[in-house]
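> Sequence lines, in order, name chains E and H.
Every number in this note's numbering is 1 more than the matching position in the first sequence, counting from 1.
Every number in this note's numbering is 47 more than the matching position in the second sequence, counting from 1.
Check before you lean on any hint, since a few could be wrong.
[As the list claims (entries may be wrong)] Partner residues aside, some chain E positions facing chain H, computed with beta carbon under 7 angstroms:
#	residue
1	Gly24
2	Asp75
3	Ala76
[Said to hold, decoys possible] Pulled a few chain E residues facing chain H out of the computed Cβ check, cut under 7 angstroms:
#	residue
4	Gly60
5	Ile63
6	Glu65
7	Thr67
8	Val68
9	Tyr72
10	Pro85
11	Ala88
12	Leu95
13	Arg166
Read the hints as simulated data drawn from the structure, not as lab findings.
None of the values given here were measured: they were computed from a predicted structure.
Yeah, the Cβ is synthetic: ideal placement off N, Cα and C, and Gly gets one too.
So you can see what is in the structure, the chains are spelled out below.
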Amino acid sequence: MELYHNNMSVCAQKVRLVLAEKGLKPLEHHLNLRAGEATTPQYLKLNPNGVIPTLIDHGRVIIESTVICEYLDDAYPDIALRPPAPADRALMRLWTRLPDAGLHQACGITSFAIAFRQQMLAQPRAEIERQLAEKPDPQVRENLRATIELGLDAPQVRKALADYRRAIGRMAQQLESTTWLAGSGYSLADAALLPYVCRLEQLGLGWLWSGAHRSIAGWLERSKARANYAGIRDYLDPKYLELMQRASAECGSRLRELLTA
Amino acid sequence: MLELYHSGTSVCSAKVRLALTEKQLDFTSHVLDMSRGEHQTPDYRRLNPNAVVPTLVDDGLVVIESTVINEYLDERFEPHPLRPPDAAGRARMRLWTRQLDDGVHEMTSVLSFAIAFRHLLLAKSPEALAQHYAGIPDRARRARIRDAVENGVHAELTATALRRFERLVADMDAALARNAWLAGDELTLADIGLAPYLARLAQLRLEFLWQERPRVAAWIDAWRQRPAYTSALSNWLVGSPALALMAQSGESALPTLKSLLVQA
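All chains, full assembly: derive it from the sequences and hints.
And the structure:
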C-alpha cells in the first residue's frame, strides 16, 4: 500500500487518522505542494485533480479522501470505523460529506487569509503567478488569489467563516448528546472532522468552543488521547505552526469581530 | 413504512425516487410545492433544517441529503443491490456520487435559475421575492440564486457551470469506454446519481454538451429504456409548467450560452 500525501494537509491528516486506527502502514510519498509536486504530469496520471492524498492499494488507485476512508473500511473491515446500523451510518455520512460540501473550501480560505498568504507574499510576483496558474480548478484559483491579495478583506472570507462557524455549532449540538459524532463509537465521522477542528485551534480560534460550544473541547481531548492522533501529531511542521500562531495573533481582534458578527 | 417528502422538478428528489424504484420499494409520497414555499414551513424545517427536498422518513427515522439517503436505502434493504459488492467498485461509485455534492449540484442550480426558474421568481412581488431569499438558510446558496435571478445567463458562475459539465461529460465518456455503466457493468448509485442531472441539462436544451460523446448519449438511451426512468423521473414532470419553461427559455438562451463557452 502506498500513500501520496503532505504533512500539513487536512485531507491527508484525515486519511492518516483512519490508516493509523486500522494499524495500516503504507509506504509514504511526501509531496511538496508549493513546489508543484502534485501537478506534475506523472502525478496527474494518478490523480487528475492534482490534489493529495492518493492511495494505491494492490495496484488500485483510490483518490478523494472521503472515498479513500470508506474504501479502507470496506477493504479492511477488522477494525470497523462505521457503525453497523444503517441509521447510524446515515448520520456518519452526514458528517463525512460536510468537508466535501463546503467545509474544506472554508478551511482553505480561512487558512490562507490568516496565515499562508504570508508565505506566498514572501515570494517574487512571478512565482506567485506560476503557482496560481498551476491550480486546475478556476474557483480554487480565484479564492486563492483573493485571499493572498486581500487577506481577511477578501470577499470569500465572510462566507468561509460563516460555514466554519455553522459546522462547529452543529458538531457542538451533536456532541452534547453523544460521545462521538455518529453515536457511542468512534467512526469515520470523527476522523473526517478532527483535522478541521485542529486547524482552527492552530489558527488561534480555539475560543470558538469556550462558551456555548464547549462540548467540542471534550471531544477534541478524547480524539487527541487516541493512539491514531499520531496521524496528525507526528507530521506537524513547527514552521507552519509558528506562522499560524503569529499571523492569527496579528489579526486577532479583526478575526473576533468577523466571527462574532 | 417509507415516506418521501419531495418535489416533481427537484433533481435530488428524482435521484431518491430512482433508487426506491430500482429497489422496488413502495413509499408514501408527500409532494411539496416549492413555488409556494412548502419546503420552507416551520413544520418541514423540523424534518429538514436545510429546507431542501428530499427527506426520507423510515418508520419515524428521518434521513436527509439525497446521497446519504441512497446509501441508506441500499444498506437497509438488501434485495436489488445498487452498490458494487467489492471495495474498489464502491470507491469508483462514490467518486461519482460525491462529485454531485461537491459542485455539480451547485452548478446545476446556477444554470437552472439563470436560464429558467428566474422567470418564476421575477414574477413575484418584491416583498414575496425578498421573503423567498430570506427562506434560504445557506448564505452562499442564497447569493448564487440571487445572482442567477437578477443577471440570468450573465450571472457570475454561468460559464464556470458550463465548463464543469463539459468536464463531467468527458469523465463519463471515459468511464463508459471501460464499462457498461459508470462504476462497472451493473447499474449502481453512480448512474442513479447522475441520471437526473443529465435529464435536467436536456430539459434546459443543453444536449449539445454531449453531441460528440456517443457513449454518454447511449447511456442516456439505456436509462430511458428502464421502466424506473419513466415512473421515477419522466412521469413526475408530465404536464409540468416547469418543463415548458425550461424548454422555452433554454431554447432562447442557447446562442448566448454557446458563445460563453467559446469566450471561456
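> Take the hints in turn and mark each one as holding or not.
Here is how each hint holds up against the structure:
1. Gly24: Since chain H brings no Cβ nearer than about 17 angstroms to Gly24 of chain E, farther than 7 angstroms, the hint is violated.
2. Asp75: Hint on Asp75 of chain E: holds, closest Cβ of chain H at ~4 angstroms, below 7 angstroms.
3. Ala76: Ala76 of chain E check passes; min Cβ-Cβ to chain H is 4 angstroms, inside 7 angstroms.
4. Gly60: Where the cut-off is 7 angstroms and the nearest Cβ of chain H is about 10 angstroms from Gly60 of chain E, the hint is violated.
5. Ile63: holds (5 angstroms)
6. Glu65: Constraint on Glu65 of chain E satisfied, holds at 6 angstroms.
7. Thr67: holds (6 angstroms)
8. Val68: The hint holds - Val68 of chain E has a Cβ within 7 angstroms of chain H, the shortest such distance being about 5 angstroms.
9. Tyr72: Holds: closest Cβ of chain H sits about 4 angstroms from Tyr72 of chain E, inside 7 angstroms.
10. Pro85: violated (10 angstroms)
11. Ala88: With a closest approach of 5 angstroms, the Ala88 of chain E hint holds.
12. Leu95: holds (6 angstroms)
13. Arg166: Because about 11 angstroms separates Arg166 of chain E from the closest Cβ in chain H, which is outside the 7 angstroms limit, the hint is violated.
The earlier numbered hints that this structure contradicts are 1, 4, 10, 13.
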